[in-house]
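**Student:** One letter stands for each residue in the lines below.
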Amino acid sequence: MSGDYSFSLTTFSPSGKLGQIEHALNAVNRGVTSIGIKATNGVVIATEKKSASTLIDDESTEKVAVICDSIGMVYSGMGPDFRLLVSRARKYAQQYKQLYMENPPTRILVEQIARVMQDYTHRGGVRPFGVSLLIVGYDDVNGPSLYQVDPSGSYWAWKASAIGKNMINAKTFLEKRYNDEIELEDAVHTAILTLKEGFEGQITETSLEIGIIGTSTIGVAGKDREEFPLFRKLSPSEVKDYLANIA
Amino acid sequence: MEYNGGSVVAMVGKNCVAIASDKRLGQQFMTVSTNFQKIFPASEKTYIGLPGLATDVLTLSERFRFNINMYNMEEERDIEPKTVAHMISSTLYQRRFGPYFVEPVVAGLSKDNTPFICAMDLIGCINFAKDFVVSGTASQNLYGMCESLWEPDLEPEDLFETISQALLNAQDRDALSGWGAVVHIITPDKVITRSLKSRQVSKETYCGD
Chain A
1 MSGDYSFSLT TFSPSGKLGQ IEHALNAVNR GVTSIGIKAT NGVVIATEKK
51 SASTLIDDES TEKVAVICDS IGMVYSGMGP DFRLLVSRAR KYAQQYKQLY
101 MENPPTRILV EQIARVMQDY THRGGVRPFG VSLLIVGYDD VNGPSLYQVD
151 PSGSYWAWKA SAIGKNMINA KTFLEKRYND EIELEDAVHT AILTLKEGFE
201 GQITETSLEI GIIGTSTIGV AGKDREEFPL FRKLSPSEVK DYLANIA
Chain B
1 MEYNGGSVVA MVGKNCVAIA SDKRLGQQFM TVSTNFQKIF PASEKTYIGL
51 PGLATDVLTL SERFRFNINM YNMEEERDIE PKTVAHMISS TLYQRRFGPY
101 FVEPVVAGLS KDNTPFICAM DLIGCINFAK DFVVSGTASQ NLYGMCESLW
151 EPDLEPEDLF ETISQALLNA QDRDALSGWG AVVHIITPDK VITRSLKSRQ
201 VSKETYCGD
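Protein chains in written order, with our numbering: chain A, 1 to 247; chain B, 1 to 209.
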């Protein structure tokens with residue numbers, strides 16, 4: 001693609017590309033597929049929890065992460081890179097909360113994470129993050145929102161998106177099935193169906209990780225006991241109910 | 001805190017808030033300015049009152065202007081009064097062991113036009129009040145005036161009269177506050193600002209007035 005210039009992150013190739021970032025995107029595309037769908041009353045993210053061996057105790061791995069009360073995140077690509085970004089995102093959310101006594105709006109947190117990822121493409125001696133992220137949240141500035149952040153640090157808002165191995169097929173599937181009036185329940189259903197298309201193992205309630213936030217997840221949080229939508233992961237029994245409707 | 005003098009008061013009315021301050025800037029007994037601004041806009045419907053050491057009043061008003069402008073550009077929305085209050089509180093506490101000598105007052109209307117007022121001590125402890133807040137060298141006098149004059153659900157015009165009388169009579173009994181007053185009445189549609197003429201010397205210098 002960029003030939004001899006892909007050895008150094010901080011050198012442009014003659015065609016104007018940064019080789020390392022292209023390669024980082026390849027690392028992402030080797031990762032397990034993740035889906036995000038925005039509904040009128042919420043957002044859902046989902047991914048397949050694929051372990052390298054049946055001996056792995058996969059209850060301890062977490063692919064869908066809670067960043068703060070109202071924001072969640074999932075990835076495709078390299079797990080360790082994701083963990084670092086999760087801890088940066090959580091720290092930033094708490095710093096924001098300490099200053100303003102409220103959770104950051106989703107877009108603000110996304111911009112911050114994107115800035116971190118971009119930073120690692122602008123310095124010497126480091127490599128880009130080998131993950132793409134799907135960040136979801138519900139705030140009273142913009143309602144439900146879904147963002148994708150790439151290793152380069154670019155981010156976009158999506159109505160529905162897929163990242164990882166099966167993203168092309170998944171996006172085609174989503175384009176057919178998505179409409180602007182979809183509600184959260186249907187969105188979860190659609191997300192599972194989309195994942196099922198490219199699923200590499202047995203689809204069970206323990207091999208799927210799903211996180212949602214919306215008007216159906218309104219809970220009480222904070223010292224002032226305010227009510228607002230909270231991000232949470234579906235329990236295995238809830239996932240099982242959704243799967244029963246599909247089979 | 002008593003070197004330069006000055007006082008601020010804020011009150012809640014029916015779907016409105018009012019915030020008022022005196023205009024004196026002194027250097028102990030000597031009056032240096034009779035037009036010193038102590039109330040600054042945070043957003044269209046939120047104002048910050050900063051009585052106390054004048055150098056800190058100036059520095060903090062500029063610092064908050066900076067922070068709020070950045071907030072407006074980054075978040076692409078106006079800042080809420082509650083958020084302003086917490087931001088001021090955090091800023092003051094950062095200087096816990098070498099504080100700014102101001103005791104701020106915040107008054108404004110939220111996005112849904114709910115009235116909001118609060119006051120803070122010099123290291124950022126917020127006092128959220130439902131009726132009125134006072135601050136500055138005439139604060140004790142203001143407590144007395146507000147406690148007797150304030151009643152709930154005053155309309156904007158009535159709130160103006162109430163807060164003006166509270167401030168004017170309180171600052172007349174304080175040597176370090178006075179030389180006029182500025183009153184802002186904040187309603188969902190507009191902000192009305194009036195400048196009041198007052199006694200040009202405090203009542204304390206007279207006997208039996």
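Worth double-checking, as some hints may not be accurate.
[To be verified] Not the full set, but computed from the structure, chain A residues with beta-carbon under 7 Å of chain B: (1) I56; (2) Y96; (3) L99; (4) M101.
Think of the hints as simulated: they come from the structure by calculation, not from any bench. Cβ atoms here follow ideal geometry from the backbone N, Cα and C, with glycine treated the same way.
**Student:** Each hint should be assessed against the structure and marked as holding or not.
**Tutor:** Results of checking the hints against the structure:
The beta carbon of I56 of chain A comes no nearer than 42 Å to any beta carbon in chain B, farther than 7 Å, and the hint placing it at the interface is violated. Checking Y96 of chain A against chain B: minimum C-beta separation of about 11 Å lies over 7 Å; hint violated. Because the beta carbon of L99 of chain A sits about 5 Å from the nearest beta carbon in chain B, less than 7 Å, this interface hint is met. Against a cut-off of 7 Å between C-beta atoms, the interface hint on M101 of chain A holds, since the closest Cβ of chain B lies about 4 Å away.
Violated hints, listed in ascending order, are 1 and 2; each of the other numbered hints is respected by the structure.
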